[in-house]
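Here the structure of chain U is known, so what remains is to put chains G, Y and S in place on it, guided by the hints.
There are 4 protein chains.
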Amino acid sequence: MLTPLSDRDALDVAGLERLVEHMLAGGVHGLFILGTTGEGPSLSYPLRKELIERTCRLVNGRVPVLVGITDTAFAESVKVARWSADAGADALVAAPPYYLPAGQAELLEYLQHLVPELPLPLFLYNMPALTKVAFDPETVRCAMDEPRIIGLKDSSGNMTYFHRIAALLPHRPDWALLMGPEELLPDAIFAGGHGGVNGGANLFPKLYVQLCAAARAGDMARVRTLHAHVMSVGEQLYRVGRHPSALIKSLKCALSLLGVCDDFMAEPFQRFREPERQRVRQILDGLHPLLRDI
Amino acid sequence: MLTPLSDRDALDVAGLERLVEHMLAGGVHGLFILGTTGEGPSLSYPLRKELIERTCRLVNGRVPVLVGITDTAFAESVKVARWSADAGADALVAAPPYYLPAGQAELLEYLQHLVPELPLPLFLYNMPALTKVAFDPETVRCAMDEPRIIGLKDSSGNMTYFHRIAALLPHRPDWALLMGPEELLPDAIFAGGHGGVNGGANLFPKLYVQLCAAARAGDMARVRTLHAHVMSVGEQLYRVGRHPSALIKSLKCALSLLGVCDDFMAEPFQRFREPERQRVRQILDGLHPLLRDI
Amino acid sequence: MLTPLSDRDALDVAGLERLVEHMLAGGVHGLFILGTTGEGPSLSYPLRKELIERTCRLVNGRVPVLVGITDTAFAESVKVARWSADAGADALVAAPPYYLPAGQAELLEYLQHLVPELPLPLFLYNMPALTKVAFDPETVRCAMDEPRIIGLKDSSGNMTYFHRIAALLPHRPDWALLMGPEELLPDAIFAGGHGGVNGGANLFPKLYVQLCAAARAGDMARVRTLHAHVMSVGEQLYRVGRHPSALIKSLKCALSLLGVCDDFMAEPFQRFREPERQRVRQILDGLHPLLRDI
Amino acid sequence: MLTPLSDRDALDVAGLERLVEHMLAGGVHGLFILGTTGEGPSLSYPLRKELIERTCRLVNGRVPVLVGITDTAFAESVKVARWSADAGADALVAAPPYYLPAGQAELLEYLQHLVPELPLPLFLYNMPALTKVAFDPETVRCAMDEPRIIGLKDSSGNMTYFHRIAALLPHRPDWALLMGPEELLPDAIFAGGHGGVNGGANLFPKLYVQLCAAARAGDMARVRTLHAHVMSVGEQLYRVGRHPSALIKSLKCALSLLGVCDDFMAEPFQRFREPERQRVRQILDGLHPLLRDI
Numbered sequence: 332m333l334t335p336l337s338d339r340d341a342l343d344v345a346g347l348e349r350l351v352e353h354m355l356a357g358g359v360h361g362l363f364i365l366g367t368t369g370e371g372p373s374l375s376y377p378l379r380k381e382l383i384e385r386t387c388r389l390v391n392g393r394v395p396v397l398v399g400i401t402d403t404a405f406a407e408s409v410k411v412a413r414w415s416a417d418a419g420a421d422a423l424v425a426a427p428p429y430y431l432p433a434g435q436a437e438l439l440e441y442l443q444h445l446v447p448e449l450p451l452p453l454f455l456y457n458m459p460a461l462t463k464v465a466f467d468p469e470t471v472r473c474a475m476d477e478p479r480i481i482g483l484k485d486s487s488g489n490m491t492y493f494h495r496i497a498a499l500l501p502h503r504p505d506w507a508l509l510m511g512p513e514e515l516l517p518d519a520i521f522a523g524g525h526g527g528v529n530g531g532a533n534l535f536p537k538l539y540v541q542l543c544a545a546a547r548a549g550d551m552a553r554v555r556t557l558h559a560h561v562m563s564v565g566e567q568l569y570r571v572g573r574h575p576s577a578l579i580k581s582l583k584c585a586l587s588l589l590g591v592c593d594d595f596m597a598e599p600f601q602r603f604r605e606p607e608r609q610r611v612r613q614i615l616d617g618l619h620p621l622l623r624d625i
Numbered sequence: 332m333l334t335p336l337s338d339r340d341a342l343d344v345a346g347l348e349r350l351v352e353h354m355l356a357g358g359v360h361g362l363f364i365l366g367t368t369g370e371g372p373s374l375s376y377p378l379r380k381e382l383i384e385r386t387c388r389l390v391n392g393r394v395p396v397l398v399g400i401t402d403t404a405f406a407e408s409v410k411v412a413r414w415s416a417d418a419g420a421d422a423l424v425a426a427p428p429y430y431l432p433a434g435q436a437e438l439l440e441y442l443q444h445l446v447p448e449l450p451l452p453l454f455l456y457n458m459p460a461l462t463k464v465a466f467d468p469e470t471v472r473c474a475m476d477e478p479r480i481i482g483l484k485d486s487s488g489n490m491t492y493f494h495r496i497a498a499l500l501p502h503r504p505d506w507a508l509l510m511g512p513e514e515l516l517p518d519a520i521f522a523g524g525h526g527g528v529n530g531g532a533n534l535f536p537k538l539y540v541q542l543c544a545a546a547r548a549g550d551m552a553r554v555r556t557l558h559a560h561v562m563s564v565g566e567q568l569y570r571v572g573r574h575p576s577a578l579i580k581s582l583k584c585a586l587s588l589l590g591v592c593d594d595f596m597a598e599p600f601q602r603f604r605e606p607e608r609q610r611v612r613q614i615l616d617g618l619h620p621l622l623r624d625i
Numbered sequence: 332m333l334t335p336l337s338d339r340d341a342l343d344v345a346g347l348e349r350l351v352e353h354m355l356a357g358g359v360h361g362l363f364i365l366g367t368t369g370e371g372p373s374l375s376y377p378l379r380k381e382l383i384e385r386t387c388r389l390v391n392g393r394v395p396v397l398v399g400i401t402d403t404a405f406a407e408s409v410k411v412a413r414w415s416a417d418a419g420a421d422a423l424v425a426a427p428p429y430y431l432p433a434g435q436a437e438l439l440e441y442l443q444h445l446v447p448e449l450p451l452p453l454f455l456y457n458m459p460a461l462t463k464v465a466f467d468p469e470t471v472r473c474a475m476d477e478p479r480i481i482g483l484k485d486s487s488g489n490m491t492y493f494h495r496i497a498a499l500l501p502h503r504p505d506w507a508l509l510m511g512p513e514e515l516l517p518d519a520i521f522a523g524g525h526g527g528v529n530g531g532a533n534l535f536p537k538l539y540v541q542l543c544a545a546a547r548a549g550d551m552a553r554v555r556t557l558h559a560h561v562m563s564v565g566e567q568l569y570r571v572g573r574h575p576s577a578l579i580k581s582l583k584c585a586l587s588l589l590g591v592c593d594d595f596m597a598e599p600f601q602r603f604r605e606p607e608r609q610r611v612r613q614i615l616d617g618l619h620p621l622l623r624d625i
Numbered sequence: 332m333l334t335p336l337s338d339r340d341a342l343d344v345a346g347l348e349r350l351v352e353h354m355l356a357g358g359v360h361g362l363f364i365l366g367t368t369g370e371g372p373s374l375s376y377p378l379r380k381e382l383i384e385r386t387c388r389l390v391n392g393r394v395p396v397l398v399g400i401t402d403t404a405f406a407e408s409v410k411v412a413r414w415s416a417d418a419g420a421d422a423l424v425a426a427p428p429y430y431l432p433a434g435q436a437e438l439l440e441y442l443q444h445l446v447p448e449l450p451l452p453l454f455l456y457n458m459p460a461l462t463k464v465a466f467d468p469e470t471v472r473c474a475m476d477e478p479r480i481i482g483l484k485d486s487s488g489n490m491t492y493f494h495r496i497a498a499l500l501p502h503r504p505d506w507a508l509l510m511g512p513e514e515l516l517p518d519a520i521f522a523g524g525h526g527g528v529n530g531g532a533n534l535f536p537k538l539y540v541q542l543c544a545a546a547r548a549g550d551m552a553r554v555r556t557l558h559a560h561v562m563s564v565g566e567q568l569y570r571v572g573r574h575p576s577a578l579i580k581s582l583k584c585a586l587s588l589l590g591v592c593d594d595f596m597a598e599p600f601q602r603f604r605e606p607e608r609q610r611v612r613q614i615l616d617g618l619h620p621l622l623r624d625i
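Protein chains in written order, with my numbering: chain U, 332 to 625; chain G, 332 to 625; chain Y, 332 to 625; chain S, 332 to 625.
It is worth saying that the hints were derived from the structure and are not from the lab. All figures in this text were calculated on a predicted structure; none of them were measured in a lab. Relax, there's no trap hidden among the hints.
Among chain S residues calculated to face chain Y with C-beta under 8 Å, some are: (1) Asp340; (2) Ala406; (3) Ala433; (4) Ser576; (5) Gln601.
The beta-carbon is built from N, C-alpha and C at its ideal position, and this holds for glycine as well.
With the rest of the complex left out, here is chain U (with noise of 0.2 Å):
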């Protein structure tokens, strides 16, 4: 989930909200907060608490809220750990901390530490581009043993790790294995995992949402369909700006566009200007229309 804001250092409260029923009425099985496009690391610690608070309320439960820790402070990790729990918030997210990289073994011991010190259950969050290391499967193994791991969202948009990790499943059956990039939904699923965690379900929750139940049910002919839209949203709306952080911006940018919140972004990043804005909004414009009848 995003994190709507309305200034630096400011959540912009009314549009979290309306972000959060939005999402809820498209069918989404859960929340992910601060993680990468919820802009996480960018966001000062009290803002993090409040938006944590915020929307634990705001859910009430109605989906499990998770809640992203990954930080390069061990400490910091497990104050934003405790306070998800006393927010009500139902599980954690950690990638490894990324600044200096760790090795395999160092990665492991750090999840050995960091386990007991947290209040709640866990999922690793694979994101090797930003984080430069990634959790090998071996160490997804052996973290496996460990019981308050419960899970792994893949970001690394390689299916082959990603068939490497769902061939562990057997180790935990009880684990989730979810997909980060939109555009591997239904591979994931069809590789033996469980859903996704995808930026373009806080702008279309039902596509992705039924995305998802096509590919569990094996109706390839609606999961074609849907994902030909899943790409079209990737094509063109992701394309508006360049960097990593475009994809934040144009989901920003959009959800402005349709009274949903505030497309402020978080330093370093800048809302898209102008131009860019009209492009989004020929870009939904053309949307639109397929995605009605989902």
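The following block gives chains G, Y and S in isolation, referenced to the frame of chain U:
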């Protein structure tokens, strides 16, 4: 400067005092705390505050103290900057926010937003291996128009980049251009740079101070001799461990063997175990005669 | 297809015949020689000519033969292409020239210059890990306007890229879109691709042929079973060696143990020594019961 | 040295003669043909043979001629080496085979197999950006035990690597250690290297020869002046195009404007079009006054 730790989230206070005195006795011209070698991003904010205050008190104006404020969250950088000013530090050091990489135009705008919030002048810190994005020379050129940005530490290891920045110095004759990787300290001086910010100076401060002086004086024979020692430190000591953290672990281990400070590492890293510690001991035994007469 | 060698610059002629018959007996729908797994770029040109002629004679029209003409020198690509046509091959395969990487506009112009010189239709070969540059989807779209370009083999391992190319297929319904990495064969079929060009089919041709058939038929249970075997081949066999050459060495070693062909490797690679050979033997012993009834 | 071409697979014979004389008149101490800047891997083998023969005849012993034999196919490297010896060349230059990257043990074994087949002594060519694999210092140390390997050209741009190789020179006082990137020519000399193999010496041979001489003489003021000119060439001329081929295109374009040789490029590259040519002309006009009095 390394951050001596005695336990998770606990400063080695006596070790910090000995380390500061060891480095000042070796003649260093300044101290940079909370950088990469100082495990800055791995430390909790309260610990960072304590380190800043204690270091400034210990140094007590004998040399300038520079404080790293690199962060993914703007507000947290500003918070650490204010603590630094309150404690009497002399300058701040910022690398690009290091989670989601920004484009160059965004980096420049980030600096333009950051500098007015800072109570002290700022050094840029170019560290692309860890921040994923460099300050391009064009961006540095623009940053030179901001009078409160007063220098750059380049840890890219890319001498062509260093030459390109050096070629911009006529625009800001007051700037300090400093070299990160210690193997390139004489190269930096010959290229028009002003000095080094070298991890090895925690252990052998005189070696780096005198190498810098020899290079400035154009004493090529002495540069060759001292540089060969610096290469030995790198080839032997920093190769005890693997991973980018090996440099920090080796230095902490060596300083612990010398009785200067504890070798506890912040998560997700761990101090060397006994076999590596034995090798560090042997290497130190081999290096000491070489370095005795410097 | 692997290139069986008996010595430096010497074809294992009897091994080649056995390998071709082994693969055809396994039901493969075509043979691609002089690709990456075929050590194409490592072979002298006279050896490449001999391989093309012998393979075409052995196959004798039973399946199409595709010949890799990837080269850094334009004239050498054309030379190999002519040998291929003279020998009766069916199509050519070209990755980008792989020394100094070209830009996309240059790649497209290169294709536009190359195709008219070729006596046979051409497949593109996307292999960015080895050629440093991919055929971007926009470039592939333009290449589709050239009727003598008839398909693409994607060895990027990037399923999002594969989906993007699959989305272009309506422009050329006659194109064949093929998957390189064998772990992604079912994903490729589900994504609208047509098949695989998989190294493992040298050893276990039936496994890959039947996995492809199961995926086309939408028989998900059988896909799961067969894909698990493919993952086992990758997790066990291809991990005997290190380096990107491990796949070729493992396959050659296994085929040598089965009496199909020699495991000599072209420079700068060397066949497995006895310890690795023992491990390959054990792995084969473990895999054979699984694969017996496919 | 660039390879002047008049058309696809056709040498610009008159241009080659003028280029050789231009460079020798500028005082270069040797010529390296069929390297990266010489588009070696892009040329057909007959053309390579012709270039070797013509260059050796033109030079006629006035300076040593070094010939690049880098190839993915062992037998082709040996073939070019024999042509070189027959034509009277002085030494050979080989980078690692550049398609499938080899491990360090394999690289060393490759050299041990290659050297006995070569009729001339060999320089190693470290060019990891294009060959994907470097000659690690440990591998270079072992290669020094082979008396017919007589030096190394480092085009990594990594001065720490260069220092590490320089530290090995006491094992082979007869070795020549040469720098590829021209911006690092003085750094190389100060680090104990012997000279440069710099593309810019095709255009301004005197500039590089004199910069090398000034650095050897320790004349720092003159080094600063000349190095600033070298930086200007890089910052202006080589930035006219994009892509790694820009250096070659710019140099060929400039030499064509000066009437030295044609600017035809081997596939997949194309000479600059008119707008870039205009910019090169302007840059040359700006550089000439600076370089007149060198």
